[in-house]
Structure formats: C-alpha cells, structure tokens
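Asker: Based on the sequences and whatever the hints tell you, model everything.
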Amino acid sequence: MDFDFSDDAKALREQARKFFDERAGPAVARASMNGDATFDAQLWQAVVDLGWTAARVPEAHGGVGMTSEAACVLAEEAGRSLAPIPLAQALAATEALIALGTAEQQARWLPGIADGSVVAVTGWAEGGTASPAKASATVDGGSITGTKSPIADLAAATMAIVSAAGPDGPALYIVDLSGEGVGVAAIDTLDLVRRHGTLTLTGAAADPLGDAAGYHDWLDRAAILGSFEAMGTATAAMDMAVAYAKERTAFGQKIGRYQGVKHKCADMYIKLELARAHALHAAWAMEAGAPELRQAASAARVASLDALAFAAEENVQIHGGIGFTWESDCQFYYRRNRALVAALGSRNFWADRLVRSLEQRNRVAA
Amino acid sequence: MDFNDTPGDAEYRAKAHAWLATAAAEYRDPPARAVSRGENVPESRKWQKIKHAAGYTGITWPKAFGGQGLSPMHSIIFNQEQSKYHAPTELFAIGLGMCIPTVFTHGSPALIERYVAKALEGEEVWCQLFSEPSAGSDLAGIRTKAVRDGDDWVIDGQKVWTTNAHLSDFGIIVTRTDPSAPKHKGLTMFIVDMHAPGVEARPLKQMSGGSDFNEVFFTGVRVSDSHRLGAVGDGWKVSLTTLMNERLAVGGKPGHAPGYRDLMALAARIETDMGPAIEARDVRQRIAATYIADEGIKLTQMRALSALSKGEAPGPEQSISKVVVAKTMQEMAAFALDLSEASGFTTTGGEPGIHKLQGSYMASAGLRIAGGTDEILRNIIAERVLGLPGDMRPDKDTPFNEIRAA
Chain Z
1 MDFDFSDDAK
11 ALREQARKFF
21 DERAGPAVAR
31 ASMNGDATFD
41 AQLWQAVVDL
51 GWTAARVPEA
61 HGGVGMTSEA
71 ACVLAEEAGR
81 SLAPIPLAQA
91 LAATEALIAL
101 GTAEQQARWL
111 PGIADGSVVA
121 VTGWAEGGTA
131 SPAKASATVD
141 GGSITGTKSP
151 IADLAAATMA
161 IVSAAGPDGP
171 ALYIVDLSGE
181 GVGVAAIDTL
191 DLVRRHGTLT
201 LTGAAADPLG
211 DAAGYHDWLD
221 RAAILGSFEA
231 MGTATAAMDM
241 AVAYAKERTA
251 FGQKIGRYQG
261 VKHKCADMYI
271 KLELARAHAL
281 HAAWAMEAGA
291 PELRQAASAA
301 RVASLDALAF
311 AAEENVQIHG
321 GIGFTWESDC
331 QFYYRRNRAL
341 VAALGSRNFW
351 ADRLVRSLEQ
361 RNRVAA
Chain C
1001 MDFNDTPGDA
1011 EYRAKAHAWL
1021 ATAAAEYRDP
1031 PARAVSRGEN
1041 VPESRKWQKI
1051 KHAAGYTGIT
1061 WPKAFGGQGL
1071 SPMHSIIFNQ
1081 EQSKYHAPTE
1091 LFAIGLGMCI
1101 PTVFTHGSPA
1111 LIERYVAKAL
1121 EGEEVWCQLF
1131 SEPSAGSDLA
1141 GIRTKAVRDG
1151 DDWVIDGQKV
1161 WTTNAHLSDF
1171 GIIVTRTDPS
1181 APKHKGLTMF
1191 IVDMHAPGVE
1201 ARPLKQMSGG
1211 SDFNEVFFTG
1221 VRVSDSHRLG
1231 AVGDGWKVSL
1241 TTLMNERLAV
1251 GGKPGHAPGY
1261 RDLMALAARI
1271 ETDMGPAIEA
1281 RDVRQRIAAT
1291 YIADEGIKLT
1301 QMRALSALSK
1311 GEAPGPEQSI
1321 SKVVVAKTMQ
1331 EMAAFALDLS
1341 EASGFTTTGG
1351 EPGIHKLQGS
1361 YMASAGLRIA
1371 GGTDEILRNI
1381 IAERVLGLPG
1391 DMRPDKDTPF
1401 NEIRAA
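Sequence order for the protein chains is Z and C. Quick note on numbering: the numbering used here labels position 224 of the first sequence as 224, and the sequence is numbered without any gaps. Quick note on numbering: the numbering used here labels position 192 of the second sequence as 1192, and the sequence is numbered without any gaps.
Just so you know, the hints here were simulated from the structure itself, not pulled from any lab data. Do not rely on the hints blindly, as some may be mistaken.
What the hints assert, rightly or not - Heads up, simulated SDA-like pairs for lysine to any residue below, C-alpha to C-alpha not over 25 Å straight-line:
| hint | chain 1 | residue 1 | chain 2 | residue 2 |
| --- | --- | --- | --- | --- |
| 1 | C | K1356 | C | I1270 |
| 2 | C | K1396 | Z | A250 |
| 3 | C | K1310 | Z | T67 |
Answerer: What follows is the structure, encoded as structure tokens:
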C-alpha cells in the first residue's frame, strides 16, 4: 500500500504553492473584489504559461498527460490562494472531456484548453433550489434551451459544459459560447472575488458529451476536485486563525493559550485531516477507476465542506470584532465557503448520495 | 498512489488469513453472551500461546527479544485479519502494547531476559500503574512515593483506574522519589510484583456496570533496585515511552465496536410515524457523519502506515484518532438510542442490536477519558501540531513539596 500522492504530483503541488504564495492570496483577492475586471488575466496567462491547464491533457492533444492527481493538487492550491482565475473550472471541464468525450470532441477542445485559447467552464445549476440530479434545460435536435446559473468565471469563458434534461436524467452538453442563441449576463453572489454569471441558451448549438450515467460519473470527479479546492481554502483559513491566535494578546497572554481558542484550532485540524483522508481515498478511486468512486467522492465532498464551513466560521470568531470588518481577510474564506457549496450541490445532496451508495453496496453484498 | 497491498504484504495477509481460518475457527461467531475479562483469563492465555507458537506475537519486536522483527504494516495486517474473529486479545494488550516495550527500551539486560519472553508467551499478565486519585490528566502530580532502603525501595501510596490490576502478575509503576524536585523531575519507574506483600487491588465498578478498572493500594511494598526502569529521577521520560505506545495502541476503534453499518441497519428496521427511519434526512445526515468519522480514521491510519512503511516518521495524524473515535461512538450511539424510542432505553428484552448500542453508549463516556481526555488530546494537537503556546502550568518549576494541594 502506498497511500499518498506520487512524487510527480507532490513536486507540482510545491511548485503551485510557491507560485500562488507569491502571485495570489488575500491581497490579490481584494484587488479583484475592488476592481472591475471579471478575472485576473495576467495571473491566468501565467498559469497557462506554466502548463497547468495542460497538465491533464493527453500529449496527443498538446498537453502533458499527467494523472488525475495533478488536477487534485492544482485544485487544492487554487483553493488555498483564492486566485481569481478560472483554473478550477478548467480542471473540471478537462475531466469531463477526458472521461466522456469522443475522439473528435477531445481533438476539438483539449488543445485549446491546454494552450489557453479556450477558457472552459461547467455548470449544472439553474438558479432555483433544484439539486444536481435535476435539470430543466432541454435539448431538441442539437439545440439547447434553458438558463444555467450561477456559473463561476462565465464572463471569461469561451466554452461551457452544461447539463440538460435527458430521457434518463440530466446529461452534459458542450456549448460554444461564440455561437448563436447564447446570452451571458453577470450576477451578484456572496463571493465577491470570483465573478459568476447567468448563461441563457435559446436554441444554441449543443454537442452531447456522454450520457446520463456519464453525467453522474463526472459529478463525482468534479466533487473530488472540489474537495481538494475546499480543503485548500479551509487550510488557508485555519492557518490565518492559528497565526492570529499566536500573535493576539488578551488578559495578559496570547489568546492561543486559552483552551477555548486552542481547541477550536485543534478541531479545524481534526476536520481537515478527516477530509484529507477521504479526499486522498477519492483521488485514488478516480485514478484507479475503482468501484467505490461514488462513495469515496461523496464522503470527500461532505467531509471537505464540513472542514471548510468550520474553519471559515471559526476563523472570524477567533479574530473577534476585527474579523467581522470589511478590511479583514476573514470574509474571503467565509464567502468562498458559500461559493464552493453552490458550485456542486449542498451537504444535504452529497450526504444523501453517500448513504445511497452505501445502501447500494449493501444490496449488492446481500 | 496504490491502495492495494504490495505483493509481499498480500502474501503475508494470505498466510495469516489461511492460518486464522483453522486456528481461530472457534472464534468465528460472537460469544453467546458478554464475557468479562476476568472470566477470559484461561481462554486469553490459550489463544496467546497458539499465536506465539505460530509466530504471530511480537510481530514488530526485535528478534533478539523473541519478536518477529517485522514491520508495523505486518502487525496491522495480522490485526486486521484477526479482527474478523472474536478471539480474546484484550488481556495482553496493555502488557504487550505498552509495558513490555517500556521494559525493553529502559530495562537492564537481566530484566529483559526475565520478563519479555514470559509476557510474549502469555505466561504473565501486566498492568500499567500510572494514574492516581489526584493525578489524572496532570499525571506528573502523582504522590505514590518510593523511598530507598539499602538495595530496595519501599513503595507507599495509591493508584487508580488501573486496568486489569486484579488479574496481573506484574506492573510498571511510576513513583515519586524526590519530593523536593519540580514535579516532572522527581519521578522514578519500577517493575512491581503484583503478588508482593502490601499490594492490594480492589476492582472498581464502572458506570457501565463492568469492572475492568481497579484502585490499587501499596503499603510498604519492597522492590529491588534491580527492578528500576531508567535512571533515578528519569521516571517522566520513561513514562513518555509508555504513553506514546499507549496512544498508538488505543488510537483506533475498539474491536467490534458499533459503527455506521449498525446505525444503517437499525434505521432500516425502524418504522416511524413518518415512514422508515432511514428515509429521513436527519437520519441520513447522521449516517453520513458517522461514516466520515469511522472510515476517515481508518484512512488516516492507513496514511500514517504508508509513511511508516516508506521509512518516514509517523505524522501527527494519529493524535486525532481517539478524539474522533470516542466522541463519534458516543454521538452515534445516542442518536441510535433516540431513534429506538422506548426500546433504546429498556435493557431487558429487545433486540441484541440495541444492547450493543447501549453498551457502546455507556462505554464511550470512559473511552473519551482513558489514555488522555478529549481536552488533553486537543491541547496536544494545538500545541505540538499547530504550534500554539502551551497551557498555563504555574506549578511546572515549583518543587513538588511546595505545591499547594487543593
């Protein structure tokens, strides 16, 4: 048993951490929040130049052909740095194309994702209260009609992979955003750093990407990447809380000496370690094509959302009044927590999906 | 990343699996009724001897001490396979997991020669005499004293929460030998004969109804200086060897403790006025939370093991185990008993599944304390892993005999 990332993936993680530590983080997030740009184009170009959008793309399509571990570590570092760029989206879209795309679809889209000429996003939500298991957008003779919202980084995107209703439930479709019948509008969300938008499709050309089963398989893979992203964000929030607890004095001593504070920090670590164990297991299941993929992905999703919500909320608490101000960086993690929940469905949805997969396994065993 | 056994590990697992299929056949089913450790002594001895003869004891110990000289991975693999049976293994867990490793780390060659093999063969049972009525989490506050008298030391005092003391032949005991030194500096550790004159173990009845613990009284008990472990005054350092082994040993989930599967099975059987319990969202949330904790700890331990097998030091991951395991057991059991309405409360009649959960609810309260309370373990994580400042310990450098007793 070797339950850890490969040396290649670890080296990539170190490289990404160093890069994002220098080029992203709360200060860059704040600039994005205060600015008019829809994303940080310079930072994005640097990430493309480093070959990170090409990491998972097979060599035949102009990429590096790394395993899915590469996508996991990049998602984690993007999450840690709050980087206002569409990297997490590109990774999720690439995963869909690699897992479900035909040879033609891969040849059409992957080289552009690798070299940065295509900015890809994914979206399942339709602005209401439905779960990722539902879609009302419809496809008729290759044309898709419906509204997908919110979609992160939509304003920067040139291509979208979205869900629409099919005979067996939702399935994925590729939409070229430069085509006819495509409307893009900005929307306001609780995350002020990464911009979100609404995609209105009125008979736009749509290319089917896999079937209903493929959609659920993609959802699991996206959830795994999302788990790493959430862990990265949670780790940054914990680090911020711990650093403050070591520095802030009250009643004549550092607040980190009080068990009330100390134990909150320990609980952040405990929740993160549980999430990390599940996320690693899920990363293995994804790469190995293991039958427990759904179970592992669902557990990773729930555990990472638990870790992130706790770290983001208690980070503000540990900072006291200052943590609640506009000037404090606490709000970025607090807000991003909501964005990451919205991106792939709530804890409720994924907890139910986990129990369903456990029930299914019991039935198979029985 | 590869989640499967290496070829070598797979071979060892297959060998252990095949051996257990025959050797442990009589333990395949759970015992018909709960058996206390006391009743289990002959049975435990028998199983230990069978394992010893087949080379499945002291798996990670050096061959020079009668062990197998294998890796922690081999030990875990054997334990995983053994845990599929209901063999009696608890009686020797403390001796082999904590006491004897302390003996062979800090004892003289003569002590190692005298005690290690006998413990391994299941001949002699050991206990760990650490906690006292006024020294639990604050372990260095012990008052049991040992006074030098020629070649001997004379021990007077009281220990408590001593698991299996009433069944034990020997114990390792931490004593105060220099009351004028600060509390961590004046301690010394010995091996004590539990059958010696002046030793009296009185079983304590726990709130769960069981009696695994004792209070142990020492009145003028003589121990030869040859039975000292480590230098005089080094007892705290020696204790840390034991405590580190203890945290490794008690970190995981107790064998056959109920988990998410039991909650799922129960929730599938229970009909509520709103339909089957398992269809309710709060029930599914709780099953998911229990799964995350149960499986998360298992996976966390596998991460630590992977690091060990690559020659890396085990990370601080282990320190989260007990906090998560004990509290999860308590919350899950409480939730299951809630779901069961009146049958979760009554202890006569009802289904065995409920009794197991009731037992777990009662035992988990103790598990949150044994081997370090939730609070102490959180302090360890916060201070040693996250680097937060240490707890206030105003008595740390004060001579022990000048510390005001409460």
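Asker: Given the hinted pair C:K1396 and Z:A250, is their alpha-carbon gap at most 25 Å?
Answerer: Holds, at roughly 23 Å.
Asker: Is the straight-line distance between the alpha-carbon of C:K1356 and that of C:I1270 25 Å or less?
Answerer: holds (16 Å)
Asker: Is it true that the CA of C:K1310 sits at most 25 Å from the CA of Z:T67?
Answerer: holds (22 Å)
Hint compliance for this structure: every hint is met.
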